Amino acid sequence: MKSYVISENRDSYLGMKLAGIEGVYLRKKNEIEIAFKETLKNKEIGIIFLSEKASLMIEAEVLEAKKKQFVPLITIIPDRYGYQRDEGLIMRYIKESVGL
Numbered sequence: 002m003k004s005y006v007i008s009e010n011r012d013s014y015l016g017m018k019l020a021g022i023e024g025v026y027l028r029k030k031n032e033i034e035i036a037f038k039e040t041l042k043n044k045e046i047g048i049i050f051l052s053e054k055a056s057l058m059i060e061a062e063v064l065e066a067k068k069k070q071f072v073p074l075i076t077i078i079p080d081r082y083g084y085q086r087d088e089g090l091i092m093r094y095i096k097e098s099v100g101l
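Here the sequence shown stands for residues 2 to 101, numbered as in our numbering.
Hint data in this document are derived by calculation from the structure and do not stem from the laboratory.
Nothing here was measured: the structure is a model prediction, and the numbers come from that model.
Possibly wrong hints are sitting among the right ones.
[Said to hold, decoys possible] With a Cα cut of at most 30 angstroms, we get these calculated DSSO-like pairs of lysine-lysine:
1. Lys-18 <-> Lys-42
2. Lys-44 <-> Lys-30
3. Lys-42 <-> Lys-3
4. Lys-96 <-> Lys-38
5. Lys-18 <-> Lys-96
6. Lys-54 <-> Lys-38
7. Lys-42 <-> Lys-68
8. Lys-30 <-> Lys-54
9. Lys-69 <-> Lys-54
10. Lys-18 <-> Lys-3
11. Lys-38 <-> Lys-3
12. Lys-67 <-> Lys-96
13. Lys-54 <-> Lys-68
14. Lys-69 <-> Lys-42
15. Lys-96 <-> Lys-69
16. Lys-54 <-> Lys-29
17. Lys-3 <-> Lys-54
18. Lys-29 <-> Lys-18
19. Lys-54 <-> Lys-44
20. Lys-44 <-> Lys-18
21. Lys-29 <-> Lys-67
22. Lys-68 <-> Lys-30
23. Lys-44 <-> Lys-3
24. Lys-54 <-> Lys-42
25. Lys-69 <-> Lys-30
26. Lys-67 <-> Lys-54
27. Lys-18 <-> Lys-54
28. Lys-29 <-> Lys-44
29. Lys-30 <-> Lys-67
30. Lys-18 <-> Lys-30
Construct all of the structure, not just a fragment, from the sequences and the given hints.
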């Protein structure tokens, strides 16, 4: 299975490309959403790397895909400044499941 990156950050995209990971560099929300949906349909892709800002632009779609599908694995990667969120997605899942 292949890996694929969807990034709104040129540096993150180029870094992944240099590592041999195919993908797209997009800036607009609708373009990112279309690319994400097309990538989910591709059975050859096992891991989708989404830059954090791109994932925030299409957060509802990402959460829905994570709940419905095990493959491909959807991974959020920070840009060069680190994570922008105060808490991670896993902590949010835990808090929701406990009822906090």
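**Study point:** Satisfaction of hint between Lys-54 and Lys-18, Cα-Cα up to 30 angstroms
**Key:** 18 angstroms, holds
Point to revise | Restraint status (C-alpha distance of Lys-29 to Lys-18 at most 30 angstroms) | key: Satisfied, since the Cα-Cα distance of roughly 20 angstroms is no more than 30 angstroms.
Check your understanding: Given the hint that Lys-68 pairs with Lys-30, does the C-alpha gap stay at or below 30 angstroms?
Key -> Distance ~21 angstroms between Lys-68 and Lys-30 Cα, so the pair holds.
Point to revise | 30 angstroms Cα cutoff - pair Lys-54, Lys-44 | key: 25 angstroms, holds
**Study point:** Given hint Lys-44 paired with Lys-29 - CA-CA distance at most 30 angstroms
**Key:** Cα-Cα ~25 angstroms, so holds.
Check your understanding: Between Lys-29 and Lys-67, does the CA-CA distance stay at or below 30 angstroms?
Key -> With a Cα-Cα distance of about 22 angstroms, the restraint between Lys-29 and Lys-67 holds, given a limit of 30 angstroms.
Point to revise | Pair hint Lys-67 and Lys-54, alpha-carbon separation not exceeding 30 angstroms | key: Roughly 17 angstroms between the alpha carbons, so the hint for Lys-67 and Lys-54 holds.
Exercise for review: Measure nothing beyond the straight line between the CA atoms of Lys-54 and Lys-68; if it is 30 angstroms or shorter, mark the hint as holding.
Suggested key: 20 angstroms, holds
Check your understanding: Is Lys-54 within 30 angstroms of Lys-29, Cα to Cα?
Key -> Holds: Lys-54 and Lys-29 sit about 11 angstroms apart, inside 30 angstroms.
Review point. CA of Lys-44 to CA of Lys-18, is that 30 angstroms or under?
Key: Holds, because 20 angstroms separates the two Cα atoms, which is no more than 30 angstroms.
Exercise for review: Verify the proposed pairing of Lys-96 with Lys-38, using a straight-line Cα cut of 30 angstroms.
Suggested key: Holds. Lys-96 to Lys-38 sits at ~28 angstroms (cutoff 30 angstroms).
Practice item. Given the hint that Lys-30 pairs with Lys-54, test it: the Cα-Cα distance must not exceed 30 angstroms. Key: 10 angstroms, holds
Going down the numbered hints, you'll see the structure goes against just number 5.
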